[in-house]
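Participant: Just so you know, the sequences run in chain order A and B.
All letters in the first sequence, in the order written, are residues 1 to 161 by this note's numbering.
All letters in the second sequence, in the order written, are residues 1 to 341 by this note's numbering.
Fair warning: there could be bad hints in the mix.
[Stated by the list, open to error] Simulated coverage check for chain A against chain B, where a stretch passes if three residues somewhere in it have a Cβ under 8 Å from a Cβ of chain B:
| no. | segment |
| --- | --- |
| 1 | 30-43 |
| 2 | 52-61 |
| 3 | 64-75 |
| 4 | 125-131 |
[Unchecked claim] Some residues of chain A that are not near chain B, with every Cβ distance over 10 Å (derived):
| no. | residue |
| --- | --- |
| 5 | Asn16 |
| 6 | Leu25 |
| 7 | Lys97 |
| 8 | Lys98 |
| 9 | Gln138 |
Think of the hints as simulated: they come from the structure by calculation, not from any bench.
Just so you know, even glycine gets a beta-carbon here, dropped at the ideal spot from N, CA and C.
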Amino acid sequence: MTDREYNDCVTLYADNVYRFILKNLRREDDAKDVVQSAFEKLWKNRGSVDAVKSKSYLFTIAYHQMIDLLRKEKRIELKPTFREEALVSDRPVHPLKKILESALARLNETQRSLVLLKDYEGYSYLEIGQITGLTESQVKVYLHRARIQLKNYLVSLENII
Amino acid sequence: MITRDNYEEFFLLYTDNELSAADAQAVERFVADHPDLREELEALLQCKLSPDTHLVFPDQEALLKPEPEGSAETGTSLSETGAPLYYIDGLPFLHPDNSIVFPDKDRLYRSAKERPIIPLPWLRAGIAAAVIAAIALLFLLTGRQQPERPAPSVASRAATSTSITAKSPANRNVNPGVTSTPSPTLHLIVEGPPGTNEHQPVRKPVQRRPDQQQDLAVNRNPDEGQVARSTIDPRKGMDQPEPAVAVMDMPVTGNLASDVHFAVQTGIPKDQSSFATQALQDEQAGIGRESDFGTDEPAAPARTKLRGIFRKVTRAFAKTADRDSEGNRQVLVGAFQVTLN
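Assemble the whole structure, with the sequences as input and the hints as a guide.
Facilitator: Structure below.
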């Protein structure tokens, strides 16, 4: 990967990686740190990373760093001391989208990541498996369970309303 | 084939866009045929998330890296051309100057063949040195004596006569168990053949009982004309003293408490006598001196030249009772004191 290709990666994929991480962590500062760390690693290893696979490389690095961060938070058991504005504030969006955001928050980390990688980035089961370290069949099963869980939440909420 | 039993999996795959175009059309036809299942498919499609395009990475400029100027001119980066790039804080600034080489590179090479170092403790080294020194001294002394052996010297003949005297029947009569008697008498008679200038010193210590302190005639080969006679009893004096024979009666003090008689031919001047004769005379004189000191050492037959060599070697490598500050034993090698670890 050349320096120019690296800069192209920044232009093309920085927002995607940031979005993916922010939706999982729901904290802007942590999401920024993860994205910066992922691109720093890509810069250091640019000699061995093919430009074609740079996007999946970035998502892979960012995903594993995010998982490490979440596990660390579970051990430390952080209290919500972040500023309100630092949290992802739901801007005025469609009510259905808001319900989906809340339903997404109910999923576990793996299911949420699979849904985001599938819907946001359009990765195939095989590519998602390469990024997350799961097999293709595992991705398929986990993702289908997440879809059904989201649908059930959406249907049940509609019934209540 | 989509049925009511497996439609849910097809709907999920349709939602994930994992179906082929033909299968996707089959799902759409199945839903058209089964309108009651349409709501379920639409619910799954509503669960699909759309990316929030308003979310952008705020510090995207910070992630960008400056591209090398050279590559901007040529349109390719240095890494593509194969040249290495060196960065500090992300900025390329230095390229190696391959024209600078180390001038004395040959001096830095080391040969793989090295002499092995064998650890040798001090004690083993001392023992090895003592053995080597003893062997060397033995070689030197035997090397000096070897040239004299071919010549029929007086010493060799004297030794022969001594051996003959020792094996003579007269000596066999001497009871060896008598050595523990309280006052044995040692008689040594050396007598040369009459009419010849050569002397054949014979030193033969004989221990006798007191009641047998009489004439002890040691008959040698009569063909050679040599007669060894004893003039033995000091109380009676010497019988028939020969002019060419000097008899020395030397009482030996010590444990043996015996009388020793030395008879050495003295008719020959010392400067005209052979080396062996002089050596024998010197040795006998030395024995007499030691006897005068009254030492407790055993009788003369045990003193050989090898014994002297071993004594010198043991003196050279003496173990001292001193210990250094660390409590290690010390060995005295010549004038040097060596500590044993």
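Participant: Hints first: check each against the structure and report whether it holds.
Facilitator: The hints, checked one at a time:
{"no.": "1", "hint": "30-43", "in the structure": "holds (count 5)"}
{"no.": "2", "hint": "52-61", "in the structure": "violated (count 0)"}
{"no.": "3", "hint": "64-75", "in the structure": "violated (count 0)"}
{"no.": "4", "hint": "125-131", "in the structure": "violated (count 1)"}
{"no.": "5", "hint": "Asn16", "in the structure": "violated, 8 Å"}
{"no.": "6", "hint": "Leu25", "in the structure": "holds, 12 Å"}
{"no.": "7", "hint": "Lys97", "in the structure": "violated, 8 Å"}
{"no.": "8", "hint": "Lys98", "in the structure": "holds, 12 Å"}
{"no.": "9", "hint": "Gln138", "in the structure": "holds, 14 Å"}
The earlier numbered hints that this structure contradicts are 2, 3, 4, 5 and 7.
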